[in-house]
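6 protein chains.
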Amino acid sequence: MGGFTHIDAEGRPAMVDVGDKPSTRRSATAEACVRFPPEVADELHRSGLRSAKGPVIDTAIIAGTMAVKRTHELIPFCHPLPVERCRITADFIDPTRLLIRCEVAVDHKTGVEMEALTGATVAALTVYDMCKALSHAIVIGEVRLVGKTGGKREVGPGSDTP
Amino acid sequence: MGGFTHIDAEGRPAMVDVGDKPSTRRSATAEACVRFPPEVADELHRSGLRSAKGPVIDTAIIAGTMAVKRTHELIPFCHPLPVERCRITADFIDPTRLLIRCEVAVDHKTGVEMEALTGATVAALTVYDMCKALSHAIVIGEVRLVGKTGGKREVGPGSDTP
Amino acid sequence: MGGFTHIDAEGRPAMVDVGDKPSTRRSATAEACVRFPPEVADELHRSGLRSAKGPVIDTAIIAGTMAVKRTHELIPFCHPLPVERCRITADFIDPTRLLIRCEVAVDHKTGVEMEALTGATVAALTVYDMCKALSHAIVIGEVRLVGKTGGKREVGPGSDTP
Amino acid sequence: MGGFTHIDAEGRPAMVDVGDKPSTRRSATAEACVRFPPEVADELHRSGLRSAKGPVIDTAIIAGTMAVKRTHELIPFCHPLPVERCRITADFIDPTRLLIRCEVAVDHKTGVEMEALTGATVAALTVYDMCKALSHAIVIGEVRLVGKTGGKREVGPGSDTP
Amino acid sequence: MGGFTHIDAEGRPAMVDVGDKPSTRRSATAEACVRFPPEVADELHRSGLRSAKGPVIDTAIIAGTMAVKRTHELIPFCHPLPVERCRITADFIDPTRLLIRCEVAVDHKTGVEMEALTGATVAALTVYDMCKALSHAIVIGEVRLVGKTGGKREVGPGSDTP
Amino acid sequence: MGGFTHIDAEGRPAMVDVGDKPSTRRSATAEACVRFPPEVADELHRSGLRSAKGPVIDTAIIAGTMAVKRTHELIPFCHPLPVERCRITADFIDPTRLLIRCEVAVDHKTGVEMEALTGATVAALTVYDMCKALSHAIVIGEVRLVGKTGGKREVGPGSDTP
Chain U
811 MGGFTHIDAE GRPAMVDVGD KPSTRRSATA EACVRFPPEV ADELHRSGLR SAKGPVIDTA
871 IIAGTMAVKR THELIPFCHP LPVERCRITA DFIDPTRLLI RCEVAVDHKT GVEMEALTGA
931 TVAALTVYDM CKALSHAIVI GEVRLVGKTG GKREVGPGSD TP
Chain P
811 MGGFTHIDAE GRPAMVDVGD KPSTRRSATA EACVRFPPEV ADELHRSGLR SAKGPVIDTA
871 IIAGTMAVKR THELIPFCHP LPVERCRITA DFIDPTRLLI RCEVAVDHKT GVEMEALTGA
931 TVAALTVYDM CKALSHAIVI GEVRLVGKTG GKREVGPGSD TP
Chain G
811 MGGFTHIDAE GRPAMVDVGD KPSTRRSATA EACVRFPPEV ADELHRSGLR SAKGPVIDTA
871 IIAGTMAVKR THELIPFCHP LPVERCRITA DFIDPTRLLI RCEVAVDHKT GVEMEALTGA
931 TVAALTVYDM CKALSHAIVI GEVRLVGKTG GKREVGPGSD TP
Chain C
811 MGGFTHIDAE GRPAMVDVGD KPSTRRSATA EACVRFPPEV ADELHRSGLR SAKGPVIDTA
871 IIAGTMAVKR THELIPFCHP LPVERCRITA DFIDPTRLLI RCEVAVDHKT GVEMEALTGA
931 TVAALTVYDM CKALSHAIVI GEVRLVGKTG GKREVGPGSD TP
Chain L
811 MGGFTHIDAE GRPAMVDVGD KPSTRRSATA EACVRFPPEV ADELHRSGLR SAKGPVIDTA
871 IIAGTMAVKR THELIPFCHP LPVERCRITA DFIDPTRLLI RCEVAVDHKT GVEMEALTGA
931 TVAALTVYDM CKALSHAIVI GEVRLVGKTG GKREVGPGSD TP
Chain X
811 MGGFTHIDAE GRPAMVDVGD KPSTRRSATA EACVRFPPEV ADELHRSGLR SAKGPVIDTA
871 IIAGTMAVKR THELIPFCHP LPVERCRITA DFIDPTRLLI RCEVAVDHKT GVEMEALTGA
931 TVAALTVYDM CKALSHAIVI GEVRLVGKTG GKREVGPGSD TP
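Protein chains in written order, with the numbering used here: chain U, 811 to 972; chain P, 811 to 972; chain G, 811 to 972; chain C, 811 to 972; chain L, 811 to 972; chain X, 811 to 972.
Bound conformation, chain U alone (with noise of 0.2 Å):
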């Protein structure tokens, strides 16, 4: 039998430390965008935005907001956060498009983009699961960061970045 393997720790996956970071109010949002077959939109305006399973709207806000405070227990390398604010919206662009919006905020040593685009994700993949007996051409589409305060990097309008 021969030798044996060196583990390089770099590059290996981690956490980030934020130990040493100072604790401030940080506040995120995030859009995720559920695209309709027209005539699934029409079928679900008509309805009052009720399907089968239930009211499309408010479930989806329910599971989203489910979904921010488990967010470290889905994406490996986040830090489990005591959420402070979560707020989900969800409206309709155009007939075919509803733009889902959530805000998360917590006073903490890390910033909450991971929580906001998850509660983000989540409400739109109930829209379809609550829309799907319809069409299973229902897109998500357009998962996005729009804005970030608190951290050293702001994000949104009147930031640098997008």
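Treat the hints as calculated values from the structure; they're not laboratory data.
Just so you know, not all the hints are guaranteed correct.
Copies of the same chain look alike in the list, so a pair counts if it works inside one copy or between any two.
DMTMM-like, lysine to aspartate or glutamate: derived pairs with alpha carbons at most 25 Å apart [unchecked claim]:
(1) K962 / D917
(2) K962 / D852
(3) K962 / E853
(4) K962 / D830
(5) K919 / E952
(6) K831 / D917
(7) K962 / E841
We have chain U already, so just place chains P, G, C, L and X on it with the hints.
The following block gives chains P, G, C, L and X in isolation, referenced to the frame of chain U:
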């Protein structure tokens, strides 16, 4: 294809924002009562409160304590909290009624009522599970908050609201 | 240093072995009742059953359904189950009492009583959480199993045990 | 104090009952696309797809696979399922776009579309998290179902619906 | 901007596909050994195996059983399973060594080795936690699989591999 | 029907109350050792530490890190904690023994020994799972705490207790 739906943000499900609240020492105590049919209670006392599945009270206390820590996963708009204290007791207040009491405390921006209620309730459900081979006529009755300190409103003996 | 402790396996906590049971269609129905102080009930009815945190009944049904699926994580000796059906309803049986009913079904080797009881209970706790800004004197009372089919013992109208 | 509210069971949130469906081999494939700003993509390729937090693709695949197994905890009306197969791949389809593909299969009474979509999405969110120190302008776009077999409706090349 | 990275699917992390395996009765047994410093063992025996945090053995058995059910959440490529049997025992094999044994069984397409190992290990960690106020020199040693039936390869007395 | 049982609160399972402890920077380091049969070790080294299920070390580190964050869900009386740092390394100390080291830090009222031990252990279990197609004779041995700072008692080189 027609118009689209305006979604009023009013009345949508949402977590309360506790970001601006001060962090204070908060505690809450809840009770749940488990009522046994007399012959089941008799058998349970004769067995030293051990069912075929093991020690009824200890198992219930452990399950209740673990549930306290996961309250925010169960109740959609509860905030995740670094629970600092959880004490669950269980006492027969008469031969057929077991009173479970769960006290929770934390130093945080929001109260722990739901944690105390969830702990008492899951402990009671566990008692049911440990004893259901004897009878399905066991009833969990009267789950209530009996005390609460540290927030805007106090609850309990000596406070304004019952 | 002296002798050591013999640990008797008798009476130790343990999951029931269901390996030799046949897989059959099983269902269970549980109820939980939420009692509101009259003035709270009045305000709730006037608001169309929406609190500041959103729609009370829909949120409770969603939370209860999600809890049904996680019963085995909460109750130490419950078996994990591929739940096939879960229906939760909530009705005011008089102006101050909301009756929550949770029916669960599965094709499996063990019953779903605990799932039904957990679903009804977590739905009731969620009602409490949605309304607690109005009052902490809300009481969850009388959580009970009202029906059970498919196992060795049936429970409910027309069966031997209540 | 006045009357009380009749709650119509119609339209309430509810899980679909799959109890009477046959257990068949079902599979679903979903895709999510992650788009990087060109300079971020460049840096990522130069680094061999390793960020400061470790290997981007492997971490994303692991997180996505774990999320597939927890889909029913995230999406309120998804059924818990004994997932038998989950394969996630990730490929750059051009220098700035990473296509994640998640295929899930099970022998069960209900389909696994939501599992495939959740796996692809959480893998994409993990890519975002692994790379966000480089830029917050990464976008997750076009999450869609691309195939589905074994249920009433098939999806994909050769089937009726796209 | 240059070329892009070809990602070889070979060697990527992946769950084994068990879809084509037959469902058979499978069991596995694992052991974990907890070693106490002699004076800690002495104190523990004198106390009747109760620490300041409660009954050591019962708490460990409950925690181990609950962990068995969540193995697939902890180990990335374990399949979720409807565990049918879990029995954990704990015995002092000499005054300072506690042997924990965890047996798991299921009727399914894949084995339960990881479930048995996880149950034994979490029970051992819980023993550590219950006793760590006495000493941090407690060691968990020798976690191993001691038996396995029902799959392609058998493990244990009378089988080919140890 | 006779009398009833007095339940002594003494000795009941209970979480330690950490409410009055000061919040300080705390860290803990634990080790777990995985021992491979020589021929398995040989094969593993030849493969570059990749099994059929993917990269052994990276997968183990990710699983261990995720388990650290969920320690309080596994160990009944562990407090939930906002983990700030988690670093897991793995090195072959000789051709057949892989030493996993998990270091955890937090600014909180209680220590993180159990988090470090849980992370090391779940990483070791994941190594087992990744390699068990080669052999079931792999053994996890010697899980121990090797350092601890920030609480009443220090552990490690230079401290009083080993």
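Evaluation of the provided hints:
1. K962 / D917: Both, since 14 Å and 21 Å are each at most 25 Å.
2. K962 / D852: Cα proximity of K962 and D852: across copies only (24 Å, versus 44 Å in one copy).
3. K962 / E853: between (46 Å within a copy, 21 Å between copies)
4. K962 / D830: Both: 13 Å inside a chain and 22 Å across chains, each within 25 Å.
5. K919 / E952: Answer is neither; intra-copy 28 Å and inter-copy 32 Å both fail.
6. K831 / D917: both (12 Å within a copy, 11 Å between copies)
7. K962 / E841: within (22 Å within a copy, 33 Å between copies)
Figure legend: structure checked against the earlier numbered hints; the only hint not met is number 5.
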